[in-house]
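Peer 1: As a plain string of letters, each chain reads:
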Amino acid sequence: EPEVTQTPSHQVTQMGQEVILRCVPISNHLYFYWYRQILGQKVEFLVSFYNNEISEKSEIFDDQFSVERPDGSNFTLKIRSTKLEDSAMYFCASTPPEITDTQYFGPGTRLTVL
Amino acid sequence: KNEVEQSPQNLTAQEGEFITINCSYSVGISALHWLQQHPGGGIVSLFMLSSGKKKHGRLIATINIQEKHSSLHITASHPRDSAVYICAVPANFGNEKLTFGTGTRLTIIP
Chain P
1 EPEVTQTPSH QVTQMGQEVI LRCVPISNHL YFYWYRQILG QKVEFLVSFY NNEISEKSEI
61 FDDQFSVERP DGSNFTLKIR STKLEDSAMY FCASTPPEIT DTQYFGPGTR LTVL
Chain D
115 KNEVEQSPQN LTAQEGEFIT INCSYSVGIS ALHWLQQHPG GGIVSLFMLS SGKKKHGRLI
175 ATINIQEKHS SLHITASHPR DSAVYICAVP ANFGNEKLTF GTGTRLTIIP
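Sequence lines, in order, name chains P and D. Sequence positions in the first sequence follow the numbering used here and run 1 to 114. Sequence positions in the second sequence follow the numbering used here and run 115 to 224.
Don't read these hints as lab results, they were simulated from the structure. By construction, the Cβ of each residue, glycine as well, lies at the ideal position given by its N, Cα and C atoms. One should not assume that every hint holds.
[What the hints assert, rightly or not] Here are some of the chain P residues that sit facing chain D, going by a computed Cβ distance under 10 Å:
#	residue
1	E44
2	V47
3	S58
4	F65
5	K78
6	M89
7	T102
8	Y104
9	G106
10	P107
11	G108
[As the list claims (entries may be wrong)] As a list, the in silico SDA-like pairs of lysine to any residue whose alpha-carbon atoms are at most 25 Å apart:
#	chain 1	residue 1	chain 2	residue 2
12	D	K115	D	R194
13	P	K42	D	P224
14	D	K182	P	E44
15	D	K115	D	P153
16	P	K57	D	K168
17	D	K167	D	G154
18	D	K168	P	M15
19	P	K42	D	H152
20	D	K115	D	S164
21	P	K57	D	V141
22	P	K42	P	E98
23	P	K83	P	E98
24	P	K42	D	A190
25	D	K167	D	T189
26	D	K167	D	A197
27	P	K42	D	E181
28	D	K167	P	E98
Take the sequences, apply the hints, and build the full model.
Peer 2: Structure, rendered in structure tokens:
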């Protein structure tokens with residue numbers, strides 16, 4: 001069965017460094033999302049992406065964050081200058097074109113900022 | 115904006131017991147998701163339902179749209195069911211981004 005994949009599974013970085021988290025959504029899906037979960041807290045919406053542009057973003061998604069679909073398969077989340085509070089699990093999700101209220105989640109990337 | 119409440123926050127039960135986890139939300143929705151989060155942090159989608167009841171193996175999910183309430187049941191619980199179970203709904207009707215509950219941490223003791 002097709003699945004959403006994410007790499008790396010765990011990323012450790014120094015404060016102030018740039019990180020890129022990668023996601024490969026299911027191939028015919030059209031809507032893409034990033035969510036994050038700070039340890040011990042709820043999962044929170046970051047951004048949704050459709051037709052090569054951001055369709056919605058949360059207050060968390062400030063100028064330090066950007067998303068890109070650089071080719072037909074990858075969907076990336078970039079954090080330009082990481083802060084300690086960016087340490088979290090980051091989940092990618094995608095939605096098929098015909099069933100827009102179903103989301104398929106990736107396994108997540110654990111980001112640790114030191 | 116949808117608010118999601120889950121109960122209980124923590125649940126410990128003996129192997130074999132029937133488990134019920136509840137989710138309430140505040141704004142009408144097109145569909146509700148039940149997700150399972152493993153100790154390593156990965157999320158697995160269990161159910162997406164918009165009405166009635168769905169069953170996968172020992173898992174049953176029900177939803178009452180009028181009462182804005184859903185339940186997740188586990189029959190014949192097993193230690194491998196130990197995980198965090200999360201309810202998620204669209205932030206607003208017709209909006210695909212999800213709002214998540216705080217999760218229910220389930221521990222099944224052998």
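Peer 1: Work down the list of hints and note, for each, if the structure agrees.
Peer 2: Evaluated hints:
no.: 1; hint: E44; result: holds, 7 Å
no.: 2; hint: V47; result: holds, 9 Å
no.: 3; hint: S58; result: holds, 8 Å
no.: 4; hint: F65; result: violated, 15 Å
no.: 5; hint: K78; result: violated, 20 Å
no.: 6; hint: M89; result: holds, 5 Å
no.: 7; hint: T102; result: holds, 5 Å
no.: 8; hint: Y104; result: holds, 6 Å
no.: 9; hint: G106; result: holds, 8 Å
no.: 10; hint: P107; result: holds, 4 Å
no.: 11; hint: G108; result: holds, 5 Å
no.: 12; hint: D:K115 <-> D:R194; result: violated, 35 Å
no.: 13; hint: P:K42 <-> D:P224; result: violated, 28 Å
no.: 14; hint: D:K182 <-> P:E44; result: holds, 21 Å
no.: 15; hint: D:K115 <-> D:P153; result: violated, 30 Å
no.: 16; hint: P:K57 <-> D:K168; result: violated, 32 Å
no.: 17; hint: D:K167 <-> D:G154; result: violated, 29 Å
no.: 18; hint: D:K168 <-> P:M15; result: violated, 45 Å
no.: 19; hint: P:K42 <-> D:H152; result: holds, 14 Å
no.: 20; hint: D:K115 <-> D:S164; result: holds, 18 Å
no.: 21; hint: P:K57 <-> D:V141; result: holds, 20 Å
no.: 22; hint: P:K42 <-> P:E98; result: violated, 28 Å
no.: 23; hint: P:K83 <-> P:E98; result: violated, 38 Å
no.: 24; hint: P:K42 <-> D:A190; result: violated, 28 Å
no.: 25; hint: D:K167 <-> D:T189; result: holds, 15 Å
no.: 26; hint: D:K167 <-> D:A197; result: holds, 22 Å
no.: 27; hint: P:K42 <-> D:E181; result: holds, 23 Å
no.: 28; hint: D:K167 <-> P:E98; result: holds, 22 Å
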